[in-house]
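So you can see what is in the structure, the chains are spelled out below.
There are 4 protein chains.
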Amino acid sequence: MFFASDNSGKAHPEVMQALVDANEGYAMGYGADPINGEVREKLREVFEAPDAVVHLVATGTAANSLILGSMSRPFDAIFCSDEAHIHVDECNAPEFYTGGAKLIPIPSTHAKIAPSDLERAILGEENRGVHGPKRGPVSLTQLTEAGTAYSLEELSALTACAKSYGLATHMDGARFANAVSKIGCSPADMTWRAGISALSFGGTKNGLLGVEAVIFFDPALAEEFELRRKRGGHLFSKNRYLSAQMQAYLRDDLWLKAAEQANNNAAYLADALERVGATIHGSVDGNIIFADLPRSTHQCLKDAGAVYHIMVGNLEGDDPSEPLTARFVCDWSISRELIDQFIGLFD
Amino acid sequence: MFFASDNSGKAHPEVMQALVDANEGYAMGYGADPINGEVREKLREVFEAPDAVVHLVATGTAANSLILGSMSRPFDAIFCSDEAHIHVDECNAPEFYTGGAKLIPIPSTHAKIAPSDLERAILGEENRGVHGPKRGPVSLTQLTEAGTAYSLEELSALTACAKSYGLATHMDGARFANAVSKIGCSPADMTWRAGISALSFGGTKNGLLGVEAVIFFDPALAEEFELRRKRGGHLFSKNRYLSAQMQAYLRDDLWLKAAEQANNNAAYLADALERVGATIHGSVDGNIIFADLPRSTHQCLKDAGAVYHIMVGNLEGDDPSEPLTARFVCDWSISRELIDQFIGLFD
Amino acid sequence: MFFASDNSGKAHPEVMQALVDANEGYAMGYGADPINGEVREKLREVFEAPDAVVHLVATGTAANSLILGSMSRPFDAIFCSDEAHIHVDECNAPEFYTGGAKLIPIPSTHAKIAPSDLERAILGEENRGVHGPKRGPVSLTQLTEAGTAYSLEELSALTACAKSYGLATHMDGARFANAVSKIGCSPADMTWRAGISALSFGGTKNGLLGVEAVIFFDPALAEEFELRRKRGGHLFSKNRYLSAQMQAYLRDDLWLKAAEQANNNAAYLADALERVGATIHGSVDGNIIFADLPRSTHQCLKDAGAVYHIMVGNLEGDDPSEPLTARFVCDWSISRELIDQFIGLFD
Amino acid sequence: MFFASDNSGKAHPEVMQALVDANEGYAMGYGADPINGEVREKLREVFEAPDAVVHLVATGTAANSLILGSMSRPFDAIFCSDEAHIHVDECNAPEFYTGGAKLIPIPSTHAKIAPSDLERAILGEENRGVHGPKRGPVSLTQLTEAGTAYSLEELSALTACAKSYGLATHMDGARFANAVSKIGCSPADMTWRAGISALSFGGTKNGLLGVEAVIFFDPALAEEFELRRKRGGHLFSKNRYLSAQMQAYLRDDLWLKAAEQANNNAAYLADALERVGATIHGSVDGNIIFADLPRSTHQCLKDAGAVYHIMVGNLEGDDPSEPLTARFVCDWSISRELIDQFIGLFD
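Protein chains in written order, with this note's numbering: chain A, 23 to 369; chain B, 23 to 369; chain C, 23 to 369; chain D, 23 to 369.
In isolation and in its complexed conformation, chain A is listed as follows (with noise of 0.2 Å):
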């Protein structure tokens, strides 16, 4: 009964067979391994854009960051919602990254802003000469950070605000699989088609035991990306085990196999909470459930050893007679059983 995270479950056995396969003889360290550029063609072709610069790096936060710092200046503004992961959970990483660069949080609906408020903040900076920062690239978080997911209208419209002011956009991506899989569109569709400049593509939370992809659609923003990897630390030797990872993931789709089981966990889940009872936040459109639950409740489940996290409810400060907002998070790998067993404990 772990619902904690989906960064908590095993690998993908397809993967870790991939893993022990690639490790075989000699390959050249620093991404010249060959599996690397396979992968890269690969993900080129996925993603319909044989023009693409594709690079890979090891966890989200460097990916985010590395491609921010390739899109920023430091004195610049990066407009991103009030639940960012980039701008809550990265402890300052895109202000590292970028060399100071500004995160402007605008306020959100269950994670997605509304275009009217992006182009606010926009509107909101570089209106003072050079004494504000100027207006830099805006950040789409697709999965959400809350489990919702942008329609391709929403980001189109949110990429056009963004175009308009000549500014380039940024999709985090780390649950992007669980989004393209709950729309059933193509990651073309998701990403350049829709405006956006470069991805952060997830594979650590879905399967792989820590890769991410970059993909840079506007291959001008790519430029530095090799040397801010290196000045970063992110450059791995022994890149054939992140190639090999990624390699297992895309072959057959199967990022977008388990995502579906991911995304079909948690709509299971979602229903079971439902029916006992629970109050559900916004809409459960991949793998995320945040859910609203009695102290009491609480307290049972978590005797019965089931993980999960408060999200609101028992910080500092908070109101102790409220009921506490839970997050549940399925990962491909979680079972049918597991589940009944869990929603078995409200009874």
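None of these hints come from the bench; they were simulated from the model.
Because the structure is a prediction, the values reported are computed rather than measured.
Take every hint as true, because none was put in to throw you off.
In silico DMTMM-like cross-links for lysine to aspartate or glutamate, where the CA-CA straight-line distance does not exceed 25 Å:
1. 279/D <-> 43/B
2. 324/D <-> 340/D
3. 185/D <-> 139/D
4. 156/D <-> 245/A
5. 185/D <-> 340/C
6. 185/B <-> 340/A
7. 156/A <-> 246/D
8. 156/A <-> 341/B
9. 156/C <-> 111/D
10. 156/B <-> 340/A
11. 279/D <-> 43/D
12. 185/D <-> 175/D
13. 64/D <-> 275/D
14. 156/C <-> 139/C
15. 279/C <-> 43/A
16. 185/D <-> 147/D
17. 156/B <-> 248/C
Start from chain A and add chains B, C and D according to the hints.
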């Protein structure tokens, strides 16, 4: 009819004379000039703070950023009003000097923040382990950017909140003199007695050519200041010309007298503006007035040569049918005649 | 015939098996996995350092830079050999992670520096008040980049020099195991007993896929490490896969056995190279050999498929009539047969 | 008898008068004052560079660091002499303003570097793919820190070397006027005609209170300058007081006349020093003299109130039986009488 900024007026003649007087013979550089020692001592006297660490710099952004850099770690959050100069008007200098700390803008009323909002912002950080930034210093502006002043009680409530979380407090006192003049308290009352750890003590907007004092009431925070100042390019070789300005500023309370003049000018102008029908925003506690003007009035004033900034109403995206919000700043040197002449334009 | 780098060889099968074994069920992320606790404890045991602070990262540049960032202030000088990996091979990562500290390259012989040269370099800084950088940590590489090892006496003399100026010492131990194997001392002897404050304990070049341990023998220096690691994007969500590698590495002294194998391979190759007339530079204390080759020999070897780096002789500006200096690195996995086959090419 | 530094002397009376004159009425801030426009135009005229981008700052470290920040990327190497002020006397400001670029100190003779050594240093970088830093700008000081001047031929040879590798060149001209006066060429000859991309044009050491001009002969490099200046806290609100100083400096070649006076004073002093038996280092091309003094002589001079710096001989670790190396700097204002009085002390 010049109300654009208090940095548009001339330096006080006594300050200029002090510069001329200081221009004799040789003086050791980099702060080893004899006036510097006297001035630093005098500042400790004026602030009744014998242990304070005092340094001079030439710009307000340098003072603020160097203090914040001394107080913050790169993975910290800095709490300030959403109108704070450090947030909106310093082109990411605080991010630069702190190595990438994150400014957390707090909703404000006429640029003043409430203790409950400060506490909410503080509670919003450092509740995600190493994932989010750590709680860093609180920065307050007195006189605020909107021309309002915190009362001593308000200040104490804010610093008490900061202190209860172990956080240091910075006061951006670019217009500190105007606030002291308004409140009628001692400099000590408005700073360390009210719980402030370090102050940017403004001079430039109040009759100097370009000098601000940095005052650490908590000497422990000052340890790295001199190295940070040098590294920022803010240590002046011919420091005597900074010392001389500050010396004149403190002699016979020139700093207070100039501020009183500026405040009186603003009060006089505000009264007049109200009489001719302009709507004043908030209270006029110092030398800054925000007032709504019909667009046609603005055009007349402008045509007649009046100079001031429009803060809301003529930016990209603003509604052209709404009134304009103008900012009028009175410096010490503006004459009643000029104000009368300006008000005469309204007829 | 692959002598390009010890990062070109495969991971040790026991390490790979440990990864497979770790891939079961759920584990809390970000270092809260149970193996991580065990591994950190085991490292303290291996180093006889019960108070040491231990963390895992995935790359050597991350280990070095994060340690140096924890030890240095942005206005510090960092003393290292002019051949140091941190100076010549990390694309300014130390400058990045320290916020702009300055590396002071010290002349070296086969990448080893002498205490007198270290002292001269230290004396050369911090003698200009706030104008020059302050003296910061000393960084030593063991095994050095030239394949030489400092004796324990040499190490102690260098750290004594550092200590006499109050400076902390970092050891870049990317090939620490090779040096321990060569010297035949305990890990404690070569680190804290020899005066080292913090160690980058390499695994990647010696049989792991990509894990290095960061070990602070002086816990006071470790205070900010976890925040700096997160901010650098080097905290792994699925940390168990790092822990598992390090666990296997430490089990039954695998780390030492693999290093011994690599060193023996290098000794065997060096002997053979000398027999066929190549000139060896310095001493071969570990698994790296620098040797001069006639250009014609190099061409033959290359044509036969041998892989290794030319370090001097084929760079822009090099003299084409001089012999080439080649670097041969033996990893644990290379077989005697391959070495014999390679040497056979010389005939 | 004050030879400590050319920043110890007073500002030129004409400069002070210009400040007084500028202190009338209102002037828009942040560089929008009318004098600023005139001064920038005048600088383009003086340098025969109609397309140059010109800005004013208040300190030499700001000028140098902001130019280098505009010219470099954080993963670059900056080439300079091992005596360069930017390397030894700016407390890592260049590293700060470049976001962590690495300064490569080049061996020098009396602070001058040879083209062959520059080329060797350039070739030493960017030969390790993404692993080492990239080649960045070359910075030359004219007049050098040792008081020597590069001839125009020497300068051209150095910039030709830089250019052949596609590198931009910066000239630290804190004592540019002294060098122009010595060489007797035009400002254009010593800068863009000699291949210099950007100049820190010093004023502070030559009669101003504290102003340096930043001149980009290659306008493409200046793109970010104004934002970087603001972000560094170096944009002055009351910029008119900077403009006025520079205006007076350029009027009727005051800058050249003051430098000539300083140079003549130094030549006179150097002659006298030689007559009394002091050994002069290198050539005295401007207003700086390095001379060896017996320790007993130094004590006498000091006791008599002479002020100058000892550069070698009294530092931690120096040999107390060796002579001291003293530095004497003559500014424009020192009188022949004082020099004679000083020399009289040698008897």
